[in-house]
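Residues per chain are reported as follows:
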Amino acid sequence: MNTLIKKLQETLNKRQGKLFIYQIDSFDKKFRELDKKTLQILYNYSLSEGNTVYEDICYFLEKYKNQKIFNFSSDPIFERIFHTSQRVKREIHRFKGFLRFQEVKGGYLYASFKPEYNIILPLSRHFANRMMKEKIIIHDTKRDLAFFCYENSVYPAKIESSIPDKTALEKIISSLWIEYFEKVTIKERFNKKLQRQKVPLKYRNSILEFRREHV
Amino acid sequence: MLIKNSHSLYEKISLLAGGAKFDVSCASSGVSRKKNHSNIGNTSKFGICHSWTPDGRCISLLKILFTNFCINDCAYCINRKKNDIPRAILSPEELAKVTYEFYRRNYIEGLFLSSGIINNADKTMEMMIDALKILRIKYKFNGYIHLKIIPESSDPTIFEAIKWADRVSINIELPTEKSLSYLAPDKKMDTIMKTMNFISKTIEDLKDDISGYNAKGGQSTQLIIGATPESDFEILKLSSLLYKKNRLKRVYYSGYIPVNNDSRLPTLSKPPLLREHRLYQADWLMRFYGFSIYEIVSPDNPYLNEKFDPKLDWALRNLDFFPVDIAKAPYEMILRVPGIGPTSAKRIIKLRKYCSFTLKDLKKLGVVIKRAKYFITINGKSYSADKLEDKGERLRNNLSESVQYGLLL
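Those sequence lines, one after another, are chains R and U. Under the numbering used here, the first residue of the first sequence is numbered 1, with each subsequent residue one higher. Under the numbering used here, the first residue of the second sequence is numbered 1001, with each subsequent residue one higher.
Treat each hint with caution, since some may be false.
Unchecked claim - Dumping the calculated DSBU-like pairs for lysine-lysine here, alpha-carbon to alpha-carbon at most 35 Å:
hint: 1; chain 1: R; residue 1: K183; chain 2: U; residue 2: K1045
hint: 2; chain 1: U; residue 1: K1363; chain 2: R; residue 2: K7
hint: 3; chain 1: U; residue 1: K1045; chain 2: R; residue 2: K193
hint: 4; chain 1: R; residue 1: K198; chain 2: U; residue 2: K1364
hint: 5; chain 1: U; residue 1: K1034; chain 2: R; residue 2: K36
hint: 6; chain 1: R; residue 1: K7; chain 2: U; residue 2: K1034
hint: 7; chain 1: R; residue 1: K133; chain 2: R; residue 2: K105
hint: 8; chain 1: U; residue 1: K1034; chain 2: R; residue 2: K114
hint: 9; chain 1: U; residue 1: K1346; chain 2: U; residue 2: K1381
hint: 10; chain 1: R; residue 1: K187; chain 2: U; residue 2: K1350
hint: 11; chain 1: U; residue 1: K1350; chain 2: R; residue 2: K6
hint: 12; chain 1: R; residue 1: K183; chain 2: U; residue 2: K1138
hint: 13; chain 1: U; residue 1: K1363; chain 2: R; residue 2: K65
hint: 14; chain 1: R; residue 1: K36; chain 2: U; residue 2: K1364
hint: 15; chain 1: U; residue 1: K1207; chain 2: U; residue 2: K1346
hint: 16; chain 1: U; residue 1: K1363; chain 2: R; residue 2: K133
hint: 17; chain 1: R; residue 1: K171; chain 2: U; residue 2: K1138
Stated by the list, open to error - Estimated spans, in silico, between C-beta atoms of each pair:
hint: 18; chain 1: U; residue 1: K1360; chain 2: R; residue 2: E62; range: 22 to 28 Å
hint: 19; chain 1: U; residue 1: L1274; chain 2: R; residue 2: G106; range: 51 to 57 Å
hint: 20; chain 1: U; residue 1: R1247; chain 2: R; residue 2: K63; range: 45 to 51 Å
hint: 21; chain 1: R; residue 1: K37; chain 2: U; residue 2: S1231; range: 44 to 50 Å
hint: 22; chain 1: R; residue 1: Y150; chain 2: U; residue 2: S1008; range: 34 to 40 Å
hint: 23; chain 1: U; residue 1: K1363; chain 2: R; residue 2: G106; range: 20 to 26 Å
hint: 24; chain 1: R; residue 1: R87; chain 2: U; residue 2: R1247; range: 34 to 40 Å
Think of the hints as simulated: they come from the structure by calculation, not from any bench. Positions of the beta carbon are idealized from the N, C-alpha and C atoms, including for glycine.
The following block holds chain U by itself, in its conformation from the complex (with noise of 0.2 Å):
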C-alpha cells in the first residue's frame, strides 16, 4: 500500500513536517526502556539526537502532524481555518508504517505526533490513538512517543492517549487568557488548565500501572514567545506555577516567526531568537539552579538583560553575597557563581575533601574560569585583579567582553 501512494505519500509528508516545524520540543529523554524481546526498540534516559537541520535544531523525533484541517482560526497558526494552502490526512497506517520504517533506518528515536482539528478534538484525538496502537501493537514499536493533547478532548480520550505514550503535552501557545482570546478565540486558558490537572493526575494515578506506557516522561507545554505584549516576568510566573502546581517537565519557549498577515499580529524584522534564548537560561534557574522567579526578574524589573545572562545579572545585581569561597561554601552558595553548573558544583563538593585547587584545576573540572574568577576565593585567595569593591562598571565592562562569545545567533 505504501508503495502504490508513495507519490501522494511523498507530498503528505512534505506539508505534513512542514506544518509541525514550529513546535519546539524535540525531546526523547526521560524514559529508560530496556526492551522486551518481540519488540522493537528501546529508549535512552539521555535521549539521542539524529540530526541537526540547517537552523541547528535537533531531530530527535519525527515531529509531524497527523492532519494540517483545522476547525480553529488562531492567527499566528499556519494552519488556520481561512488559509488557503493544501491540505492533507493521514491514515493511522500510513503514519505507524512511516515511523516504523525510519525508526528501524535509525533515522530518528520515535515520533512526535501533533495534529490540526478535524471534526472536532475528541475525533481527531481518536485516530492520533488508532495510529499509536497500530505502531505499538501490530509493529511492535518500544521507541519514544511524544503526543500532543489537543484542547477541549474529553477526559477519557485524554486517559486512553496517555497509555499509549511516552510523553504527551498540550500547548498553551500564549501566556495569558487576554491574548489567547485575542488570536486564538477557540481556545479557553482554563478549559486548558483543567486538561493539564487532569493529566497531571492522570500520570500520577497510573504512576505503578504496569500494562501501558502511561506517559512516563511526565508532559510538557509551550509558549510562543513576542507575538504578544506580555512581560519575561508574566512569561516566567506562569512557566513557574507549571513547574510547582501541574509538576511539568519542560516548558518550552518558541520565538514568534510570522506566518500569517495579520493585522493583530506584530512585524518583526527577525524572530526573538535572543529573548527566547535568556528564557530558557532563566528556566534552568529556576529548574536546577534553585531560583526564585523573583530573583530573577520582578513586577519592578519585567524584562531580562539581553546583554548578560540571568545568572550573571544575578550576581553583577547582588554583589555583596560574593566571593564565595570554593574551599568551604555550600553547594548551593557555589552553583551561584556564574561559570559553575551543576555538574561542575558537585565535582568541586566531591573532590575538595581529598585535595585543595587552584584555578587551572577548577578549570578542569568544568568551570568557565573567565566568568567565575571575579566570584570566588579559594582559601580565602582571590584570583581577580578586581576587587570586588570597586566591581561596578569596570567588571560589567570585563565581562560584557566575555559573554560576547556565549552565542550563537
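So here's chain R without its partners, still in its complex pose (with noise of 0.2 Å):
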C-alpha cells in the first residue's frame, strides 16, 4: 500500500513541474483514505500518460467521497479514468504473455518491446519476481526506457552501447520454438481472425514467432 502511494506520487511529481498550484504532499492524506483496489486504479491511469493525467487525478481526489462504487459514475472523468486504466492493465498482462527474451553473450536475458502506455516498471517486477536469478534487461524502445531485474529487484538503467550478441544456444532455442509454435497449428480449425483479435498486429514486431521473416 506504501509502497503504492509512493509510486504514484513518483509518477505524479514527474509532471508537476508543468502544472497548476496543487502541491502532490497535500494528496497524500487523501491518498492514504483511498482502498487499495482505488490506488491501483489511479496508478494505472497515471502509467497511460495521457495529456489529462494530472488533472484529472486533481479532480478525482476532491470530488470522491469514499464512494465504493468506481466503476460506475455519470461523471465523464471518472468513467476515463476507469476506462484507461482498464486499458493499461490489459496491456500489462498482454505483456505478461507476449515479451520475449533472448539470451545475450554476457549471460543476460534481453527484451524489447513497444508498449502502448508506458507499463515498463510494473512489467519488470513482474519477471523480476519470477526469474529471481535471471539478469534481466527489459527495453521499451518507443521511450527508450529499459529497467534491469535482478534478485526481485529492479533498477532504471540506460542502454548506452549496442545489445551483444546472441548466443548459440540461443539461435537453437528460438528455433525449436518456432518450429513447435508452426507443429502445434491444427490446421482443420483455421482461425485467423480470432488470432489476430488475440494477438494484435500492432504487438507482433516484438513477438518473435510473429515477426515477418517466420510468418
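With the hints as a guide, bring the two chains together.
Next comes the structure, spelled out in C-alpha cells:
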C-alpha cells in the first residue's frame, strides 16, 4: 500500500513542473484514505501518460467521497479514469505473455517491446519476481526506457552501447520454439480472425514467432 | 548435450508437438504460487497466455508428448500402434532442458506433458515423472506443470505424479463404455473412473501437505465430440457427474478431427466446432450460472440448439420467468437473464443500493443490452417494444439476428 502511494507520487511528481497550484504532498492524506483497489486504478491511470492525467487525478481526489462505486459513475472524468486504467491493466497482462527474451552474451536475458502505455515498471516487477536468478534487461524502445532486474529488484538502466550478440544456444532454442509454434497448429480449425483479435498486429513485431521473417 | 543433438532434438520436438496438439487443455490458471528464493518461476492465479496459433487457440503451456510410441490402438488417435509414422522419444533431461529454456525466454507458462504408452503405463509414467523431477530439482523450476495420467497406472505411481504436478488429468475421450470398447478397446471406463476417484482422494488427502506441489490445480479430463453417436445430453450428463462426484476442475470438449482412415469412424466435412462451442457454453451454465443439466438438455430434448446459445434457448423456453426486475430481483434471477454474466450481475447487486440504472448504465456495467433488453424491467419499466406476451416468433427473429455476430467460426 505504501509503496503504491510512493510510486503514484513519483509518477505524478514528474509532471508537476508544468502544472498548476496543487502540491503533490498535500494529496498524501487523501491517498491514504483510498482503498487499495482505487489506488491501483489511479496508478494504472497515471501510466497511461494521457494529457490530462494530473488534472484528472486532482479532480478525482476532490470529488471522491469514499463511494465504493468507481466503475460506475455518470461523471465523464471518473469514467475516463476507470476505462483508461482498465486498458493499461490489460496491456500489462498481455505483455506478461507476449514479452520475449533472448539470451545475449554476458549471461543476460534481453527483451525489447513497444507498448502503447508506459507499463515497463510493473512489467519489470513481474519478471524480477518470476526469474529471480536471471539478469534481465527489459527495454521499451518506443520511449527508450530500460530496466535491469535481478533478485526480485528492478533498477532503472540506460542502454548506452549496442545490445550484445545472441548466444549460440539462443539460435537453437528460438528455432525450436518457432518449429513448435508451427506444429501445434490444427489446420482444420484455422481461425486467423480470432488470432488477430488475440495478438493485435501492433504488437507482433516484438513477438518472436510473429516476426515477418517467420510468417 | 543439447547442442550436440540439436538436429535430432529439433525433429523430436516437431514430431511430439504435432502428436500432442489435439489435447485442448491449456489452462495455466488456478494455482497462485509466489516464488521462493532459489527457484525460477511462479504461477499466476488467472493464468497467462503467451501466444495464439493461427487456429485461434492460445499457447500457455508447452504441450508435448514424452513419446509417440504407443502400445494402444485407439481408432481416433494419430499415434495408434498400427499407424506407420515416425516415432520418437525424449529423454527426461532433454524435456526438462527445453521446458526450462522456453520458460526463461517467456515463451511459455509451464509444461503440459502427455505421452503415448511405451512398455506399460507405469514405465511410461515413471519416465515422465523423472523429467518433472529434473525440472523441479535440477532446474529449480517453480512454474506450472500439467501432467497427463496414463490409464492403468498403479496407485503409487499416480501418487508420485501428483506430488510433482500442479494439475493432473486423465482423458476419458469417449463418453460411454460402449464407444470406448468400440474405438479404444484397450481403455476401460471403469478403470478410468477408479483412477479419477483415486486422484481426487489423493489431492484431498494432500491438501495440507506442503512438501510437494500436490496438484493444487485439481484434475481435468477431455471428451472427444462427434466421433461417436452420443447426444449432448449424454455428454453433459457425464460432465455434470464428474463435476459433482469427482470434483473435476474442468471437462474439455474436443471436436473430432479425422486423422486416420478407419471404417469405424464417421466422415465429417468439417470438425463440429459449433457443437463444441455450445457444449462449452452449457458447461459454463452448469458451473457458474447455477443451471442444472435438466434445464439445459433432457432425454426428450437431447441436443443443444445450434441457433441460440443454451442460456438464450432456456430463456425462450421459459418466457414466464421473465421479465426480471433489475432493481429488485435476487442475484440468481438476474444471472438467468441472457446478456448478463456473473461479473455484471455482481456489479448490479453491489451498485443498485446506491443508485438507479438506465439501459445505458447497464451497458457500462458490461450487460449485453441487445439481448438483455427483452428480458428485463427496471423498477417496473420495460425497455423492449416487444411485449412479453407476443414475444414468440418475433423475439426469436430479432434475437437470431443479434446473436449471429457472437460466433467467430
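Structure-based check of all given hints:
1. R:K183 to U:K1045: Given that 35 Å is the threshold and the Cα spacing comes to 28 Å, the pair holds.
2. U:K1363 to R:K7: 33 Å, holds
3. U:K1045 to R:K193: Holds, because 28 Å separates the two Cα atoms, which is no more than 35 Å.
4. R:K198 to U:K1364: Satisfied, since the Cα-Cα distance of roughly 23 Å is no more than 35 Å.
5. U:K1034 to R:K36: Between U:K1034 and R:K36 the Cα gap is close to 20 Å, so the pair holds against 35 Å.
6. R:K7 to U:K1034: Satisfied, since the Cα-Cα distance of roughly 22 Å is no more than 35 Å.
7. R:K133 to R:K105: OK: R:K133 and R:K105 at ~16 Å, within 35 Å.
8. U:K1034 to R:K114: 28 Å, holds
9. U:K1346 to U:K1381: 21 Å, holds
10. R:K187 to U:K1350: Distance ~45 Å between R:K187 and U:K1350 Cα, so the pair is violated.
11. U:K1350 to R:K6: 30 Å, holds
12. R:K183 to U:K1138: At roughly 28 Å apart (the allowed maximum being 35 Å), U:K1138 and R:K183 satisfy the hint.
13. U:K1363 to R:K65: 24 Å, holds
14. R:K36 to U:K1364: Distance of about 23 Å is within 35 Å: holds.
15. U:K1207 to U:K1346: 30 Å, holds
16. U:K1363 to R:K133: 46 Å, violated
17. R:K171 to U:K1138: 23 Å, holds
18. U:K1360 to R:E62: 22 to 28 Å: 26 Å, holds
19. U:L1274 to R:G106: 51 to 57 Å: Since the Cβ atoms of U:L1274 and R:G106 sit about 52 Å apart, the hinted range of 51 to 57 Å holds.
20. U:R1247 to R:K63: 45 to 51 Å: 47 Å, holds
21. R:K37 to U:S1231: 44 to 50 Å: Given a distance of about 45 Å, which is inside 44 to 50 Å, the answer is holds.
22. R:Y150 to U:S1008: 34 to 40 Å: Holds - the Cβ-Cβ distance for R:Y150 and U:S1008, about 35 Å, lies within 34 to 40 Å.
23. U:K1363 to R:G106: 20 to 26 Å: 53 Å, violated
24. R:R87 to U:R1247: 34 to 40 Å: 37 Å, holds
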